[in-house]
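K.L.:
Sequence:
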Amino acid sequence: MNSNPLTLTFSREHQCDQLTRTLHLTLGEHSTLTVNQDVSDFNAEISKRVIAVADIQDVGYLIATTFTQATTLQLCIDADIATRFERQQWLKWLSFGLALSNYHYRHSNNPLLTPTLADFILLNADASDNTAFENGKILAHSQLIARELTNKPGNILYPQSFVEAVAALAINNIELSYLDDAMMLEQGFGGLMSIAQGSDREARLLCLDYHPQDPKFTVALVGKGVTFDSGGISIKQPRYMSTMKVDMGGAAAVVGALNAIAQLQLPIRVIGLCGLVENMPSGKAIKPGDVVTMLNKTNVEIITTDAEGRMVLADVLHYAQQHYQPDYLVDIATLTGGTGIALGKAYASLMGNDNNLIASAQTAGQACSEPLWPMPTGGMFTTALESDFADLRHGSEEPDGSPCVAATFLEHFIQPDQKWIHIDSAAMSLGMNHRKIYPKATTGYGTLLLTELCQQLILQDRLHQ
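Letter by letter, the sequence shown follows residues 46 to 510 in the numbering used here.
Hints in this document: simulated from the structure, not taken from any laboratory. Among these hints, one or two may not hold up.
Stated by the list, open to error - Below, in silico cross-link-like pairs of lysine-lysine (BS3-like), each with a Cα-Cα straight-line distance of 25 Å or less:
hint : residue 1 : residue 2
1    : K342      : K281
2    : K342      : K329
3    : K261      : K464
4    : K485      : K182
5    : K93       : K485
6    : K332      : K390
7    : K281      : K329
8    : K281      : K182
9    : K281      : K93
10   : K182      : K342
11   : K332      : K342
To be verified - Label-pair distances were calculated between CB atoms; the ranges are:
hint : residue 1 : residue 2 : range
12   : V84       : R507      : 31 to 39 Å
13   : T77       : D225      : 42 to 50 Å
14   : A172      : M286      : 48 to 56 Å
15   : N218      : N175      : 16 to 24 Å
16   : P419      : Q134      : 18 to 26 Å
17   : L157      : R129      : 38 to 46 Å
18   : M286      : R480      : 21 to 29 Å
19   : H509      : A172      : 25 to 33 Å
20   : D225      : G389      : 37 to 45 Å
21   : P257      : H368      : 14 to 22 Å
All C-beta atoms in this analysis are idealised placements derived from N, C-alpha and C, irrespective of residue type, glycine included.
Construct the complete structure from the given sequences, taking the supplied hints into account.
P.N.:
Below is the structure:
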């Protein structure tokens with residue numbers, strides 16, 4: 046085993062003053078990252094009891110924001126820590142944290158996305174090192190796209206302007222298209238349009254298609270994009286309603302992931318579908334007790350209009366299967382408060398119908414520090430969906446098992462041979478300031494996870510060839 050420490054050197058671009066700070070990363074006694082600048086051999090010592098991927102990301106952010114006047118940052122990592130991760134992992138995730146260190150959301154009265162990265166370069170690097178370092182920057186920029194989308198308020202970012210903001214990114218190798226109200230009404234998007242009908246803002250179904258030559262397989266990523274969720278007629282309590290601009294976190298993650306996937310030039314086709322609506326109360330709004338005919342012709346009884354996301358997702362999931370026949374289908378949504386009650390800020394919940402795909406998603410979550418915890422579907426959760434007036438109810442008056450009930454509802458819209466997982470990220474898009482990289486505002490949760498999942502599926506495909 047290599048007993049030598051790993052030393053990595055980073056430099057800020059475009060600075061004239063030459064100031065170097067040497068930092069030591071070691072194991073310590075604390076459960077959180079601690080910086081001690083009162084040491085003799087280094088300018089600072091950074092320590093923690095256990096170092097995980099999240100800590101590598103946070104160390105990058107921490108050293109950049111602590112030593113703001115330093116042109117060069119030299120990080121000396123103890124050998125017993127360094128060997129726990131591959132060199133390229135250290136470089137990718139340190140680069141990711143460094144690149145995020147300049148980001149602060151600044152309001153503007155237009156929907157355009159202008160995230161900027163901190164300019165760091167890697168010194169004394171070979172081609173492999175530089176690739177890993179640049180990949181970290183790609184992931185940081187992609188996550189900031191998602192964070193910018195979720196940070197913008199609902200009066201600036203609504204379905205139409207969401208599409209315009211993404212179109213203005215002009216992501217290389219991505220074909221962008223969308224369906225508007227008239228198109229979706231004509232095609233029978235009864236679930237999605239039932240939620241949209243209460244708002245004066247038109248709905249959109251945004252499609253981002255990354256289609257390289259001779260793709261190995263196809264993945265469809267579906268994101269819930271409720272740009273503001275008042276709850277509709279079943280209106281929410283005033284407390285925290287201002288945060289309901291974040292209810293399009295799933296759609297934002299899909300956009301961020303498509304940006305990363307295209308820049309990383311992954312050898313698979315990836316379709317990103319974002320169902321974009323506002324959920325508002327009005328004389329036109331859907332009501333509890335109404336029955337809606339979905340895109341797949343299932344009649345669904347509405348129990349609460351504040352369970353709107355599953356209606357949007359169900360139609361878009363059906364559309365994805367009908368139009369693209371993906372090998373893998375993944376949806377991500379800030380769907381139920383019950384997930385946050387059960388898992389807090391530690392995990393998003395994970396459900397699905399394919400054990401291998403579920404395992405791949407868990408591996409991906411661990412690899413990028415956007416972790417998932419599996420939950421069940423079907424069984425007793427189907428009872429909540431039994432209706433006297435339609436084929437299905439879309440939920441229950443009771444909160445019991447709400448994440449599992451919601452996923453069981455979605456499973457009714459998945460074809461028997463379709464490999465599918467559902468990610469409920471309701472608690473993960475906001476209020477994650479226990480992480481250094483998320484000191485304020487939103488997180489862009491899901492961008493890294495979806496990108497890493499696609500990479501995991503590529504790796505598995507190669508192993509089975």
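K.L.:
If a hint holds in the structure, say so; if it doesn't, say that too.
P.N.:
Here is what the structure says about each hint:
1. K342 / K281: 29 Å, violated
2. K342 / K329: 22 Å, holds
3. K261 / K464: Holds, at roughly 16 Å.
4. K485 / K182: 20 Å, holds
5. K93 / K485: 23 Å, holds
6. K332 / K390: Distance of about 32 Å is beyond 25 Å: violated.
7. K281 / K329: 18 Å, holds
8. K281 / K182: 39 Å, violated
9. K281 / K93: 41 Å, violated
10. K182 / K342: Answer violated: K182 to K342 is near 44 Å, above 25 Å.
11. K332 / K342: The hint holds at about 20 Å.
12. V84 / R507: 31 to 39 Å: This hint is violated: roughly 45 Å between Cβ atoms.
13. T77 / D225: 42 to 50 Å: Once the Cβ atoms are compared, 48 Å apart, the range 42 to 50 Å for D225 and T77 holds.
14. A172 / M286: 48 to 56 Å: Given a distance of about 51 Å, which is inside 48 to 56 Å, the answer is holds.
15. N218 / N175: 16 to 24 Å: Given about 22 Å between the Cβ atoms, the range holds.
16. P419 / Q134: 18 to 26 Å: Taking Cβ atoms as reference, P419 and Q134 lie about 25 Å apart, which means the hint holds.
17. L157 / R129: 38 to 46 Å: 41 Å, holds
18. M286 / R480: 21 to 29 Å: 25 Å, holds
19. H509 / A172: 25 to 33 Å: Given range 25 to 33 Å: holds, Cβ gap about 29 Å.
20. D225 / G389: 37 to 45 Å: 39 Å, holds
21. P257 / H368: 14 to 22 Å: 19 Å, holds
Checked against the numbered hints listed earlier, the structure breaks hints 1, 6, 8, 9, 10, 12; every other hint is satisfied.
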